[in-house]
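The whole structure should be built from the sequences, with the hints applied where relevant.
Protein chains in written order, with this note's numbering: chain A, 1 to 243; chain B, 1001 to 1311.
27 Å max Cα-Cα, derived DSS-like pairs, lysine-lysine:
no., chain 1, residue 1, chain 2, residue 2
1, A, K159, A, K130
2, A, K205, A, K121
3, A, K130, A, K111
4, A, K130, A, K176
5, A, K111, B, K1195
6, A, K176, A, K159
7, A, K176, A, K187
8, A, K19, B, K1195
9, A, K159, B, K1195
The hints are simulated quantities; they were obtained by calculation from the structure and are not laboratory data.
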Amino acid sequence: MSTEQPLLRVRDLETYYGKIQALHGVNMDVYAGEIVTLIGANGAGKSTLMMSICGSPQAQAGTIHYEGADITRAQTYQTMRSGIAQSPEGRRIFPRMSVLENLLMGAMVSKPEYLDEDLAKVFALFPRLKERQHQRGGTLSGGEQQMLAIARALMSRPKLLLLDEPSLGLAPIIVKQIFEAIGELNKREGLTVFLVEQNAYHALKLAHRGYVMVNGVVTMSGTGKELLSREEVKAAYLEGGRH
Amino acid sequence: MEYFLQQLINGVTLGSIYGLIAIGYTMVYGIIGMINFAHGDIFMIGSFTALILIVLLGVTAAMPVAMLVMALVLVLVLAMAFTAVWGWAVERVAYRPLRGSFRLAPLITAIGASIALQNFVQISQGARNKPLQPLISGNFKLTDGGPDGSALIVQLSYVQITIIVVTLLLMAGFTLLINRTSLGRAQRACEQDRKMAALLGVNVDRTISLTFVMGAALAAVAGVMFLLYYGVIDFYIGFLAGVKAFTAAVLGGIGSLPGAMLGGLLIGLIETFWSGYFSVEYKDVAAFSILAIVLIFMPEGLLGKPEVEKV
Ligand SMILES: Nc1ncnc2c1ncn2[C@@H]1O[C@H](COP(=O)(O)OP(=O)(O)O)[C@@H](O)[C@H]1O
Ligand SMILES: [Mg+2]
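Spelled out as structure tokens, the structure:
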């Protein structure tokens, strides 16, 4: 895989919140067609990396290349129009818009003629959303909001889907459903997924490759299987995570 | 009864003008959480622009009706466009550079922008009242003065009809724009979660600019209506009208579009009825007192959204 050019390449990335440095030189790659996961403790900098890729906040040093183009200094809205979509931490559903309107927001950057087809696709993936399409986003359950956040991201027809902790706070059965949906999208449509998780066991089982982040730097990488079998990973991220 | 009906007509007319201005306050507040204190002066600019255009184009009541209507439509559209540019410029110059700085900073530049606009018009147009000969005269008589001709004749003037109809059309169109178009959706998205809107590819800066542009265009319409209705303007009209419209927006629930319309209507009615039945001197006190009372019992205004929905 290393001979071809990665879809996303992050090098020596440093991001600050004011004077506080959150990323201390992050390196990672995502190749087209892969599911790559990033695991790490709370506060490690995973969400910061996700958001830096989208330019919010912008990184202060290092580079981010997407499809070979440098997007380190791109405006958020430009990056999101170039084929990257994110389902962010906390889901960030528009609470006073209906489910359908939330999905239409996701379709903002895609061509209008794809709308019906794409709506049908995400409704097939998450039938619950179809039932609730006229309900306000703020009234959905946590699991439904997560489905909506992923569906909304998919509505832009991304090449690269960034998912920040889609399992957070959800019942195991819903987590399973969501992870299956991600796996299916990847297999069927070749969607490239970069998945941040604290739920390391499920994430590493699903992913082709994984990275471990500690205090703003990547400390380990390998295939999902390799990382699952590493003692350090087991000790730090897998106790009690095996549900 | 006749007197009541007449006050009602006058109140709805005034309320229409307040409502159009109030929309600009409420939309800007919704999207950047800030009161645009220069908005009243944008309304004033709209009014002056219309007056200048009327003079330049030589619009007079002596024109054939069809031509007069066309000329006034042209004045309206040009005033909207020109005033919209001012609204855009105020945002670019006074607010955008301060976005993300401490909360009071844009408040100070807002007041500065307001003073600057007033002084600009005062210096360039002079401080004296500017009169305009009535362009639309005539009215419908809704009552006939009773059998002995002693009762009040209730009148609905053509200007009042124009104002109410134009306002209703614009408000309906604007509501559709906000609720049904992708631009309106992007605006509401920025209102609810600006960061997420950007993550979906919305150009947030552009959306904020457009909000100012729309608010200014509607204020310009109010300015044109004000000019046609009262027939006299000066560089200071934006202050009181702005404060009233702002009161209307807060009364209706700041951030709420239907709230701004309802609030405008109510303030117009309160003011007119108070003047009609009690005293003209205290009409402003009446409007502000009602606001204070409503806010005590409904802090987010009549149609405001409760904050708890924030996720
Ligand atoms: N908006 C913010 N302002 C200041 N510090 C932040 C902000 N967001 C995150 N941080 C800090 O940056 C570090 C990394 O946070 P984050 O990227 O959210 O970690 P993770 O997603 O791995 O839990 C933490 O120390 C956190 O406190
Ligand atoms: Mg996080």
